[in-house]
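These protein sequences, in sequence, are chains A and B.
Residue numbers for the first sequence follow the numbering used here, so the first one is 1 and each next one is one higher.
Residue numbers for the second sequence follow the numbering used here, so the first one is 1 and each next one is one higher.
Just so you know, these hints were derived from the structure itself, not from any lab.
Note that this is a predicted model, so its numbers are computed, not measured.
Be aware that a few hints might be false.
Taking lysine-lysine and the DSS-like style, the derived pairs with C-alpha atoms no more than 27 Å apart in a straight line are [as the list claims (entries may be wrong)]:
hint : chain 1 : residue 1 : chain 2 : residue 2
1    : A       : K208      : B       : K192
2    : B       : K192      : B       : K218
3    : B       : K218      : B       : K299
4    : B       : K233      : B       : K299
5    : B       : K233      : B       : K192
6    : A       : K270      : A       : K208
7    : B       : K233      : A       : K208
8    : A       : K270      : B       : K218
To spell it out: a stretch of chain B is covered by chain A in this simulated footprint if at least three of its residues, at any positions, have a beta carbon under 8 Å from a beta carbon of chain A; those stretches are [what the hints assert, rightly or not]:
hint : stretch
9    : 8–21
10   : 273–280
Now the stretches of chain A that chain B is said to cover, found in silico as 3 or more residues with beta-carbon under 8 Å [as the list claims (entries may be wrong)]:
hint : stretch
11   : 10–24
12   : 36–44
13   : 51–57
14   : 162–174
Beta carbons: idealized from backbone N, C-alpha and C, even for Gly.
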Amino acid sequence: MVMVVLAVVVWCLGWWLNARLAASPAAQTRTVQLLVPAIFGITVLLVWELLVRGLAVSLVILPAPSVIAARFADSLPILWQDFVQTILKGALGGYVIGCAAAFLTAILVDRSDFLRRGLLPVGNFVAALPIVGTAPILVMWFGFDWQSKAAVVVVMVFFPMLVNTVAGLRETSAIQRDLMQTYAASYWQAFFKLRLPAALPFVFNGLKISTTLALIGAIVAEFFGSPTVGMGFRISTSVGQLALDMVWAEIVVAALAGSAFYGLVALIEKTLTFWHPSQRS
Amino acid sequence: MKTFFAVLTVLAAIIALWYAACVPMNIKGVLDQAERAGAEVTPATPKARRDLGTMGLVANNSFAIGDTWVQERPRLPAPHQVAVELWQTTVEKKITSKRSLIYHGQVTLSATLLGFAIGTGLGILLAVGIVHSRVMDMSVMPWAIVSQTIPIIALAPMIIVVLYSIGVQGIIPKAVISAYLSFFPVVVGMVKGLRAPDAMQLDLLKTYNASTSQGFWKLRLPSSMPYLFASLKIGIAASLVGAIVGELPTGAVSGLGARLLAGSYYGQTVQIWSALFAAAILAALLVALLGLIERLVLKRMGVSA
């Protein structure tokens with residue numbers, strides 16, 4: 001009971017602190033803008049811990065954050081193996097192949113107006129479909145190991161990437177293309193000096209959408225069959241054993257990997273498209 | 001009109017590619033069957049066939065090409081096989097039958113819609129809170145944005161089991177997964193939309209002495225509609241994926257996800273493909289329906305013609 005009261009107190013305290021910070025004149029500074037969500041996150045974790053302990057919630061329903069952290073620290077080797085299998089081999093492998101293939105296809109498609117008209121509606125349509133459903137088929141074709149996961153990821157990232165790149169390659173205005181023409185630039189000169197840089201914001205938009213899709217594809221595909229290693233495998237078997245602390249540890253890994261992956265792509269975008277209005281603030 | 005023909009050409013090319021791909025994918029199975037049935041096959045032993053590679057097999061046994069499109073359990077079913085299976089399991093089966101795709105689709109659809117309604121409702125509420133409260137904006141919004149980079153679908157198996165262990169089963173666990181998958185896109189899109197009116201418009205309402213709630217109903221809400229519908233379309237697709245994935249870990253007996261799983265256990269490729277196409281058609285219908293509602297609402301709100 002004490003813990004539950006304490007949880008309420010911690011929640012009010014955290015909220016009051018944030019309210020004070022948000023209303024203070026320093027609210028626009030970068031430190032405060034990072035501090036407020038951090039305080040909120042810590043408050044949620046504390047309340048979670050106190051409530052789980054105070055109400056004696058069973059481990060098979062919701063483990064406390066400290067239990068998850070302990071499990072995380074204990075099983076670092078297993079988590080690392082799963083990370084390599086699912087993220088580095090499955091997701092990243094498929095991501096690179098899929099995005100490269102979509103990029104090259106987009107360049108080909110862009111050269112023909114007819115193809116672009118035909119492929120864009122189809123691509124937009126396919127991008128909205130539940131493509132993870134192809135996982136059982138691809139697992140059947142490519143076996144249980146990471147190759148089939150990479151194949152699922154390739155199919156998942158291909159169309160969003162294709163649609164974005166094709167849209168980006170159309171971003172130049174007629175006057176810019178005319179200028180290239182007056183310089184007697186060849187197709188590839190105009191491509192590398194004008195159209196590719198102009199397309200980069202769209203390309204990176206596609207790349208960023210694809211990071212999340214890649215992780216989803218790699219993890220879900222493992223639910224349909226995998227070797228005895230991998231994040232999706234570990235999650236589904238640990239759920240079966242009611243070892244929810246292990247499941248949460250894997251979810252922490254997935255969250256860290258997802259944000260790091262996204263952050264990395266966003267960082268590259270920032271260095272490559274520094275000239276774009278959305279990056280200058 | 002030109003676009004229409006271009007799309008048709010691309011679709012025809014995809015179907016042609018599909019038929020062509022069936023030949024090398026299925027040739028080995030067809031030849032094994034033909035040999036067992038006593039036909040002349042070159043090379044004669046399964047081992048020699050494995051060494052030859054698929055293209056060589058096709059070249060040596062051109063008589064078998066036709067059979068690659070009508071196999072019972074092909075590695076890659078031909079388009080017409082999938083179409084026939086779709087027709088048989090939707091139109092010719094009774095809706096109550098356990099083998100009817102309509103029945104399975106309706107199970108998945110009801111979970112999707114329930115989850116989508118919950119997720120969207122909560123998402124819009126949170127967005128309204130975020131727009132009107134600085135504290136909520138500063139503390140919750142960064143987490144909502146970060147959550148979009150995380151494969152939260154990994155939580156799906158756990159939610160099913162946890163809810164099961166406290167006695168909740170059936171449609172609710174799947175709907176919960178659908179709800180949280182559609183929740184975050186709606187929050188982010190709706191916040192963007194509610195902030196869409198510029199300072200001039202907000203100032204105008206202030207000179208009219210409009211209250212906050214009047215400003216909300218007359219300016220912020222109408223101008224958020226395009227953003228809302230853009231994220232609703234993402235949300236409903238995510239909800240459907242959530243409902244399908246939610247059917248996997250429990251070994252559910254009904255629903256499109258269960259059809260996929262059962263098909264992959266028993267090697268019923270035609271069944272997998274038809275379930276996949278049913279899911280695709282369902283997703284397309286839902287997105288199209290939202291597009292229709294969007295047109296009507298935007299017209300009503302006077303945002304665009």
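Verification of the supplied hints:
no.: 1; hint: A:K208 / B:K192; verdict: 19 Å, holds
no.: 2; hint: B:K192 / B:K218; verdict: 17 Å, holds
no.: 3; hint: B:K218 / B:K299; verdict: 15 Å, holds
no.: 4; hint: B:K233 / B:K299; verdict: 18 Å, holds
no.: 5; hint: B:K233 / B:K192; verdict: 16 Å, holds
no.: 6; hint: A:K270 / A:K208; verdict: 12 Å, holds
no.: 7; hint: B:K233 / A:K208; verdict: 19 Å, holds
no.: 8; hint: A:K270 / B:K218; verdict: 38 Å, violated
no.: 9; hint: 8–21; verdict: holds (count 5)
no.: 10; hint: 273–280; verdict: holds (count 5)
no.: 11; hint: 10–24; verdict: holds (count 6)
no.: 12; hint: 36–44; verdict: holds (count 5)
no.: 13; hint: 51–57; verdict: violated (count 0)
no.: 14; hint: 162–174; verdict: violated (count 0)
Checked against the numbered hints above, the structure breaks hints 8, 13, 14 and satisfies the rest.
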